[in-house]
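Sequences are here, hints too, so could you generate the full structure?
Listed here are the chains, written in short residue letters.
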Amino acid sequence: MSRTRRRWTQLRAGALDTFFSVATGVVYVFLLAPIVIVVVYSFDRSSTGFIWTGFSTHWYRTLFHDGQMWQALRVSLVVGAAAATCATVLGTMSAYAMARRRFRGRALFNALLLMPLVVPEIVLAVAFLVFLVRVRAPLGYFSLICGHILVVLPFTTLIMVAATSGLHRDLEEAAADLGASPRQVVIRVIVPLLLPAMFASFVLAFLFSFDDIVMSTFVNGVGTTTLPLLVYSMLKLGVSPEVNALGTLLVAVTLVLLLTTGVRQATVMLKRG
Amino acid sequence: MATDVATEAPLRVRRARPERHWSTLLLIAPSIALLVGFVVVPFVYVVRVSLATQGPFGSIGTGWTLANYRQFFQTTYLQILGHSVWLSFENTVICLVVGYIVGYFLAFRAGRATPVFVLLLIVPFWASFLVRMSAWMILLSPHGIVASILHTLHVASSSVQLVPSNGAVLVGLLYVFLPSAVLPIYAGLRTVDPSLVEAAKDLGCGTHWRVILPLGRPGIVAAALFVFAPSLGVFVIPVLLGGGKSLIIGNLIVTLYLEFRNMPFGAAVSVVLFVIVMLGIVACLRAMRSADGSEGGLF
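Protein chains in written order, with this note's numbering: chain A, 4 to 276; chain B, 68 to 366.
It should be emphasised that the hints constitute simulated quantities derived from the structure, not laboratory data. Possibly wrong hints are sitting among the right ones.
To be verified - Stretches of chain B that chain A covers, calculated by requiring three or more beta carbons in the stretch to come under 8 angstroms of a beta carbon on chain A:
hint	segment
1	109-120
2	320-327
3	339-352
Here the structure is a predicted model, which means the values were calculated and not measured. A virtual CB, placed ideally from N, CA and C, is assigned to each residue, including glycine.
Printed below as a string of structure tokens:
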């Protein structure tokens, strides 16, 4: 191979690499700029949300006094907490069964658990709604919570499967050898080991449920409007600085939640050595 | 004490085995019940409803008919279907290209800072979905930042209408689906054997298009799967960023259910959407299998 040809190939490879790095930089700006925009404009005095007019916390005060927002927040918190708890518990049970027990139809069970992930949420929501109408179930907290569990369950299960696969069988056997009954093994050995992952799975499930729009649109009832649905109806009328204020608060809370989960898990791992 | 436990333990294990069978059932029963009861059965019922007549006051009739499907396969609705599939396809292509760029960077150029970059990729994902959409509504507004930049660069006139528009919808979709595209591609590229790349370089060939891209194909196909299927069901983004002018399947279903209360027809549309999604998934899985040479190694 001639020297010039090799040098040309190297040059091309170098240019390609630079392109990738620069392009990625642009993409990251694209990803993070909107968040910055929301935070910045939440402190904008004007309501148009386009041109910056001056610093003000006016919109935060408006948000604080908005009764509808508080009600919607209440609904979202209740539904989120309930759905996340159930999904975490169910996910842990399923993951443990798949990791430690042998049973027929494992592949089918696996597919069943992951199905809500693959199917578009709107198909799930429609089917669930039609079913609820047929059995004449009332639309409200119950329908919302069950619907959210369906949406969130694959994620919690996946997390717990990853966590249970890291469980050392030796620990359970050692506990049994030392005289622990099967129940004691579960309560004193397995659950404490899985607790960090369960916490992370709860946080993730809660965030997904809190942010959910599609399922909530179909199965919410009168008086149980979730926060995203309220925000969506506000946004349909145009940009609202109140939404920006809410958004900033949500970003802050989410960051805190995620950081605490990360810090907690890190400290647990450090303690265990 | 220890010797007592040692002689007791084997017996306990042997006796526990039939007990384990029941406890296994107890572990998986609730999940199965929930999923079968609230997903599988309802979906079977949706198929039934799609074949039903429309009852009075928006309820579901008791007859059997193919009228709902016949109504769907008319020009207007087929147009909506075509528009949705085309939008998802456009979005998938864009996400794959951008996703590949970022995935390549993360796999080969980020080095020790990779976890930080991955975190930065996911952090916007954690900010509320609607907040992100609201941000784009602001950014793309006529007097917003992007319009100002374009105007300064003399690319567009002073009052260009960036939003609502089809382009804005694609931007919003890219923003939402990018992490789903980057992560599989990154995972796939990470499995590329560096020695193969070295060997190709030593032999003097352009390593990228001939070596890295083909080896990363399973990751790319997985990314396509994770973007195309879910994007067929979106309905919020087109309304907020597209002005809801061009209807897509998601909006159609919402309208039929919540405004027109035409459940049988809505059910028929859902079934069609589901079938299309399944076809897309099968196509992707088949592409993954042929790229891998093995049994779809994703889950």
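*Hint by hint, which ones does this structure get wrong, listed from lowest number up?*
Those not satisfied: there are none.
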